[in-house]
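J.: Residues per chain are reported as follows:
There are 4 protein chains.
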Amino acid sequence: MWASEPVTTAFVTTRRVEFSDTDAAGIMHFAAFFRMMEQAEHDLLRSVGLSVVQHDAEGTLSWPRVNAKCDFESAARFEELLTIEVRIVRLGEKSVTYAHRFIRDGQTLASGEITAVCCRLQAHGEPKSLPIPAAIAVKLRPYVTS
Amino acid sequence: MWASEPVTTAFVTTRRVEFSDTDAAGIMHFAAFFRMMEQAEHDLLRSVGLSVVQHDAEGTLSWPRVNAKCDFESAARFEELLTIEVRIVRLGEKSVTYAHRFIRDGQTLASGEITAVCCRLQAHGEPKSLPIPAAIAVKLRPYVTS
Amino acid sequence: MWASEPVTTAFVTTRRVEFSDTDAAGIMHFAAFFRMMEQAEHDLLRSVGLSVVQHDAEGTLSWPRVNAKCDFESAARFEELLTIEVRIVRLGEKSVTYAHRFIRDGQTLASGEITAVCCRLQAHGEPKSLPIPAAIAVKLRPYVTS
Amino acid sequence: MWASEPVTTAFVTTRRVEFSDTDAAGIMHFAAFFRMMEQAEHDLLRSVGLSVVQHDAEGTLSWPRVNAKCDFESAARFEELLTIEVRIVRLGEKSVTYAHRFIRDGQTLASGEITAVCCRLQAHGEPKSLPIPAAIAVKLRPYVTS
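Protein chains in written order, with the working numbering: chain A, 18 to 163; chain B, 18 to 163; chain C, 18 to 163; chain D, 18 to 163.
If you're looking for bench data, these hints aren't it; they were derived computationally from the structure.
It is possible that part of the hints are untrue.
When chains are identical, the list treats them as one kind, so a pair holds in a single copy or across two.
Straight line, CA to CA, 35 Å or less: simulated DSBU-like cross-link-like pairs of lysine-lysine [to be verified]:
(1) K145 / K111
(2) K145 / K156
(3) K156 / K111
(4) K156 / K86
On a predicted model such as this, the values are computed, not experimentally measured, just so you know.
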């Protein structure tokens with residue numbers, strides 16, 4: 018029945034390929050896709066009133082990346098406007114996996130994933146992971162792919 | 018006999034974490050790992066007399082990336098000197114997969130892979146893949162993990 | 018009389034400080050101001066139907082920078098939305114000098130200038146300067162500070 | 018008399034133009050010159066046992082930039098090895114002005130300056146300038162152009 022159909026809500030944002038994103042091959046440098054994947058994630062967080070860096074009484078909460086990957090299918094060029102879809106493919110106890118798709122004129126250029134872990138930053142030493150606070154998880158849930 | 022043990026030759030290079038590689042979390046930004054992975058590949062190519070962009074009578078030969086991924090285990094910080102090992106884990110007909118490991122003081126910080134496809138660049142339109150010329154393949158073979 | 022009043026038309030655009038623009042001092046890295054100055058110039062060009070890289074029958078016309086400078090008065094931080102004003106303070110025979118001002122909440126954070134020279138790009142060797150085509154100059158004139 | 022001849026000691030370092038430093042015009046992006054100017058300054062500081070970010074009992078001492086400028090004379094291309102000379106053209110009470118020159122095969126490609134102010138960083142609010150500690154000034158003096 019349609020009532021049980023999977024519902025996938027993607028967060029959608031855009032970025033234009035800037036000249037400083039291009040390289041001598043005349044196309045957007047592959048590392049710029051990763052920067053934009055992160056920017057799209059931050060746009061999503063901002064849209065629900067969150068930030069990837071949040072200060073509270075105990076210090077700073079942030080989301081170091083533990084994995085990032087991307088498949089590049091087609092090149093992006095200077096000044097093109099890219100649509101970036103972001104979905105959450107896994108909302109774990111301590112981590113979130115975002116899936117990204119870059120689209121230009123209906124064509125998929127690249128698709129990737131980033132997994133970020135909820136951590137308390139420490140001035141020195143490694144960030145320390147902790148369970149995602151409920152107040153944050155509830156705001157991410159609408160973007161979890163069912 | 019142990020004489021037939023697999024021999025893995027890694028190409029080894031280094032990069033220092035520059036201030037412009039860091040971010041407001043106080044650590045090296047994750048996209049900088051991808052830039053350095055590519056730089057290490059280019060160092061390897063240069064060490065055997067190749068370049069990732071080669072001009073010949075017919076135009077330009079280059080290696081667009083079709084996949085890149087990285088697992089981040091531990092943070093890198095400003096001014097740290099990172100050792101980067103590069104191995105070739107697959108030397109295909111048209112593509113090469115490089116595996117990278119970032120090491121600081123004997124500790125692995127991150128490990129990743131990049132797959133690049135041998136292509137002829139075209140001023141307009143998509144790069145066109147072609148078989149890796151034998152003169153190039155023979156120079157890469159020593160770094161193929163057996 | 019009002020007829021002789023100076024008329025200064027500024028082109029106005031915005032950029033948000035992305036996480037990859039920040040550094041370990043917790044603020045936007047100074048080189049990111051230069052990237053944004055250029056991006057604002059490109060936004061201006063695009064708004065009048067031009068591009069900083071234009072292909073014609075004879076090849077490629079572009080605008081290499083010969084000078085860039087910036088005074089930094091106050092720090093910009095992650096996620097802040099910066100307003101960037103661009104004016105043309107000199108429209109020469111072969112070059113354009115753009116003046117930029119970064120504003121956040123009515124406060125000037127930085128002001129800079131970039132001078133770019135109209136050039137024909139050559140595959141090898143240095144770009145070759147040429148007089149700014151009249152069709153381009155006429156589109157830039159409205160932003161010249163009088 | 019030769020005893021009064023001006024002595025100019027330049028600190029010299031090198032950087033190779035990486036692929037991610039290039040842009041679609043086929044040359045090193047102008048903002049990469051600024052990143053390298055800063056990297057050369059940091060190399061100089063490191064060579065005398067200093068760092069641009071120093072932690073002490075009272076917090077963090079760093080050197081926000083208040084001005085940066087560069088004249089670009091000739092393009093730098095992928096894989097070229099650039100020599101960067103750094104001199105201190107002004108060692109003030111609270112600030113240092115570094116002058117940089119980029120050289121390739123004996124040819125000057127670009128020359129610039131960066132002025133940095135000695136500051137105590139504050140978690141929130143603006144960095145606060147302070148007189149350069151004597152222990153730091155004494156280490157910079159050899160690079161002051163007389």
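J.: For every hint, state whether the structure bears it out.
T.: Hint by hint, here is what the structure shows:
1. K145 / K111: Close inside one copy (11 Å), not across copies (37 Å); limit 35 Å.
2. K145 / K156: So K145 and K156 pass the 35 Å test inside one copy only (22 Å; across, 38 Å).
3. K156 / K111: Classified as within: same-chain Cα gap 15 Å, cross-chain 45 Å, threshold 35 Å.
4. K156 / K86: Both, since 25 Å and 28 Å are each at most 35 Å.
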